[in-house]
Amino acid sequence: MKVELRNPNTIMKLSRLGSFHQSKLSFLRSFLKEFKDWEYKRDLFDLNEFGYGVAVYSFKKDNRVYSLICFANELKEKDRSDRVIATKWDAAFTLHDGVPTKKDIERLKNEVPKQEVGRLSYKELTLSRANKSVRVFDHVVESLSNGVQPDIGLLSKVGYLYRTTAVYGSGKFGLADRFRIKDRKEICGPFRLEMMLVYLVRQFTFDQVNHVAKNKNPKKAVNLDPDICRNLGIGNSTGLGMAPFIVNHPTLLNNWIYAREVALKKIREIENVESKHSELFKICLKKSIKNITSWNTESEYQQKKIKSLLNDLNIFINFIEKKFNFSKKFAFNEIYLWLEKNSEEECIEYIVSMMMEPYDSIINPLINTMSSDEEKYFNIPTNRTVLELKNILEDKYSKILKIDFLKKENNQNFWFISRNKEEPRLADRFIENGSDLEQPLAIARDIKKLYESLSVFKNSSTIDKFLVSNSDLRHVVRRAFIIEKFPYSEIQDNTIGKSIMPIDMLRLKLSFFGALKFDPRSDKWLRICMFQGAPLPEQLKDYDDHWVYNSLN
Amino acid sequence: MKSLSEIETVSKRSSRAAGFSWGIAEEVGKNIRILEQFGLGGIKNLNYYFRIIKNKNFEKLHLIKDENKISKKEFCPIIAGLSFLDQVRSLEVLKEIKFEKIAYPLLFLPFISRASEVIGKKFELKIDNRVFLLNFNNSIYSNSLNEGVVEIGNSVLIKFKENEDSFEEKEWKELYKLSENTFVEESDSLKQAGAGAGLTDND
Numbered sequence: 001m002k003v004e005l006r007n008p009n010t011i012m013k014l015s016r017l018g019s020f021h022q023s024k025l026s027f028l029r030s031f032l033k034e035f036k037d038w039e040y041k042r043d044l045f046d047l048n049e050f051g052y053g054v055a056v057y058s059f060k061k062d063n064r065v066y067s068l069i070c071f072a073n074e075l076k077e078k079d080r081s082d083r084v085i086a087t088k089w090d091a092a093f094t095l096h097d098g099v100p101t102k103k104d105i106e107r108l109k110n111e112v113p114k115q116e117v118g119r120l121s122y123k124e125l126t127l128s129r130a131n132k133s134v135r136v137f138d139h140v141v142e143s144l145s146n147g148v149q150p151d152i153g154l155l156s157k158v159g160y161l162y163r164t165t166a167v168y169g170s171g172k173f174g175l176a177d178r179f180r181i182k183d184r185k186e187i188c189g190p191f192r193l194e195m196m197l198v199y200l201v202r203q204f205t206f207d208q209v210n211h212v213a214k215n216k217n218p219k220k221a222v223n224l225d226p227d228i229c230r231n232l233g234i235g236n237s238t239g240l241g242m243a244p245f246i247v248n249h250p251t252l253l254n255n256w257i258y259a260r261e262v263a264l265k266k267i268r269e270i271e272n273v274e275s276k277h278s279e280l281f282k283i284c285l286k287k288s289i290k291n292i293t294s295w296n297t298e299s300e301y302q303q304k305k306i307k308s309l310l311n312d313l314n315i316f317i318n319f320i321e322k323k324f325n326f327s328k329k330f331a332f333n334e335i336y337l338w339l340e341k342n343s344e345e346e347c348i349e350y351i352v353s354m355m356m357e358p359y360d361s362i363i364n365p366l367i368n369t370m371s372s373d374e375e376k377y378f379n380i381p382t383n384r385t386v387l388e389l390k391n392i393l394e395d396k397y398s399k400i401l402k403i404d405f406l407k408k409e410n411n412q413n414f415w416f417i418s419r420n421k422e423e424p425r426l427a428d429r430f431i432e433n434g435s436d437l438e439q440p441l442a443i444a445r446d447i448k449k450l451y452e453s454l455s456v457f458k459n460s461s462t463i464d465k466f467l468v469s470n471s472d473l474r475h476v477v478r479r480a481f482i483i484e485k486f487p488y489s490e491i492q493d494n495t496i497g498k499s500i501m502p503i504d505m506l507r508l509k510l511s512f513f514g515a516l517k518f519d520p521r522s523d524k525w526l527r528i529c530m531f532q533g534a535p536l537p538e539q540l541k542d543y544d545d546h547w548v549y550n551s552l553n
Numbered sequence: 001m002k003s004l005s006e007i008e009t010v011s012k013r014s015s016r017a018a019g020f021s022w023g024i025a026e027e028v029g030k031n032i033r034i035l036e037q038f039g040l041g042g043i044k045n046l047n048y049y050f051r052i053i054k055n056k057n058f059e060k061l062h063l064i065k066d067e068n069k070i071s072k073k074e075f076c077p078i079i080a081g082l083s084f085l086d087q088v089r090s091l092e093v094l095k096e097i098k099f100e101k102i103a104y105p106l107l108f109l110p111f112i113s114r115a116s117e118v119i120g121k122k123f124e125l126k127i128d129n130r131v132f133l134l135n136f137n138n139s140i141y142s143n144s145l146n147e148g149v150v151e152i153g154n155s156v157l158i159k160f161k162e163n164e165d166s167f168e169e170k171e172w173k174e175l176y177k178l179s180e181n182t183f184v185e186e187s188d189s190l191k192q193a194g195a196g197a198g199l200t201d202n203d
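Protein chains in written order, with this note's numbering: chain A, 1 to 553; chain B, 1 to 203.
Possibly wrong hints are sitting among the right ones.
Stated by the list, open to error - Calculated lysine-lysine pairs in the BS3-like style (CA-CA distance at most 27 Å, straight line):
#1 123(A) to 101(B)
#2 290(A) to 307(A)
#3 101(B) to 465(A)
Read the hints as simulated data drawn from the structure, not as lab findings.
These numbers were taken from a predicted model, which means no experiment stands behind them.
When you get a sec, could you build the whole thing from the sequences and use the hints?
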C-alpha cells in the first residue's frame, strides 16, 4: 500500500506546527547518538570557593576536538535577567574548535562574558550564556553541603539548575561561518554544535554545584546523586528571535518537516508490524505520560492544550489496549486514520512522534537529510513564465490567496528589528511606530500581492520582465520558486494577522531541538527544558536511546 | 574579523535602508559576501556607493542590450547587475556586451560572477584596464586586486567565453599518451571474463 505524504496545506498551519513534539529526529537526540562514542573529558576546572572561574570540557575523536570553555562570574541579584536586554549573566560559554591554548582562554575571558558586544573568532563555533535558577541552585548547595540530597519535588518542578537565554552560532559576532565546518560528518545534522554546547553546560552546572557545596562544608558535603543529575536538564528562555528563523530558512524548514513526513509515511506503509516494535511503541507511549503529568505551566493556553492532550491520550491508550490488534495489516496506518478522526492536533502529533520510536532503520537515514545548502536555491529562474509562477501560487498557496488583507485584522501586526538589541519583534501597526521599516516576514500578504500583480501581466511574459516593474515583490518570487521544489518550506498561515500566536513558531523549532515541557510565559516567549533525563557524559557509551521517557519526574 | 554571515546580513539591511526592495537587498547581501570571500572590497565599495546615492541619482538600466549607453548619469551598478543576472539566458546569444560608465563597478561584478554559474559559461569582465576572469562563481582571477574603492568604470565589457579547451589537441594527445603508461595489458582470459562476456551486443 502506498500512503501519500500529508498535505502541506494542513501540516504547515501554525496551529499544527505549534502542536509538534520532540521525536527521534530531534536534534538533541541525534546529537547524543552521533557523539556517544567520543571521548569526554573535563580538561580544566579552576573555580574559586564560590564557583567563579574557568572550566573546559571536551569531546574528542581521532584528530577532532571540540572544547566548551565556561566562564562563571559573580552576578548581583539586581543584574540577573533572562531578558535579551540583559548585559551580565551567571555564566557565559563558547564552544571552541580544537584545544584552546592559554592565550585563547585569556582572549575569550575578555569577550565571551560580554556576549553580543564581544568579538569571537573563526576558532569559536557557538556562544551562549545562562543564569542560575537561584532558588534551586541555592537549595541544592545547602542540601549537599549538609550531606543530604536535595528535595526531589522542588527539582522536578523546575527541572534544571541553570537556564540559557540565548545560544548563538553560524557566524554571529565573529563566530565561524557554517561553510568552514559544514562538511564534517559528525555535524551534518542541524544545530549539532549548539546541542553540544547545551549538553556540556548541563554537566558544568552539576560540577559547579558540587564544587560550591564541597567548599562550603568540606567535611560533610556530598555530591549530587547521578540519578538526580540525570533528571535535571538545562532550561531555556526563548523569545521572538527564533520565530523569523523558520521564515528566513525555507529549505531548511522543509527538510525538517519533510523528514518527519517521510518517516510517518514509511511507518504507515509497514504491512506487518513486528510485535517487538508494537510493544516498544506502547511502552514508550505509556512511560511518556509522566512527561505530560509533570508538565507545569501557568499559561492557560498551554494548560488547555495539555488537558486536551491527556484526555485524547487516555482515550487512545484505551483504544490501543482494548479495541486494537497490531496483527492486522498496516496497523500504524489504521492508528493514524483513527487519530485523525478522534483526536486533536496536539495528540495526533504526539503519537506521530511516538510511532518513530521503534524504527531506527527508517529514522537514522533521515537524520542526515535535515540540513540544507540554501545557497543552491537562491537564484530566481527568471526564464520561467508568469503563467508558471501563477500556477505555483494557485497550487501551493491556495488558502493564503483567499485571505483578504484589506481587512484590518488580517494586516494587524508587523515584524521589525529592535534598535537596542537587534532582535526581531512583533507590534500592532495601528498603534506602534515603525511599520515603514517592516521586515519581509509578511509572506502571506506579499504572496497575495504577487498573485494580484501577476494577474494583470501577460501569461507568456518571462519573470525577468515581470521583475523590472515589480522589484518590491522579488523576495516572494524567490520563495514561490523554492516552494515549488520544497513543499514544506512555507508556513501556510498569516504571520501578521491579529490572531497570530508567535509561540507556535517557537514551539515548532523547539520541538525539533528536542525540548520538553513548553511553558509559555506570554504569547511571545516561553521556557523549556532540554536534556532532562539524558545520560550524563560518563554514561554515554552505553545509553538507552529512549531516555526521554525514563525521566524520574 | 567579521564573519561572512555578518557581512551578508549587514549588507542586506543597509541596502534596504538605502532604498532598495527587500528582494534586491537580499541579492546585494549575497554579492558582498561573494566579493569579500574572494578578497575584493565589497564592504568598502558598498559603503562608498551608499554615501554617494544619498545626494546623487544614478541611471537604472533595466533592459540590457549589446551596447548600453547612458543618457545623462552613470549606471547604478546594482540595477544594471541585477538586470544582467536576470536576463543572462537571453543575452547568451551575444558574444560581447558593452556598458558605458557604471558607477562603483565592483558592485556590478558579483552579479556577473553569479550569471556565469547560471549559464555555465566563463565570463571575461573588463573594467577599463582591469580584467577579471569569472569562473562559474567558483573563483575570480584578476590582474587587479586590493584596489580599494573604484568609483567609476568608464568602459565596461563582458565577453562570454565559450566552453572551449585552453589547449591544442596535439598537447592533449601527448599528455594522454603519457597517462596510458598507468594501464596494464589484459590477458586473453581476463578479456573473456569481463563484463558482458558471453552476450552478443544486440541481445
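Verification of the hints:
Under the criterion of a C-alpha separation no larger than 27 Å, the hint pairing residue 123(A) with residue 101(B) is inconsistent with the structure, at around 42 Å. The suggested pairing of residue 290(A) with residue 307(A) holds, with an alpha-carbon distance near 14 Å, which does not exceed 27 Å. For the hint linking residue 101(B) to residue 465(A), the alpha-carbon distance of about 24 Å falls within 27 Å, and the restraint holds.
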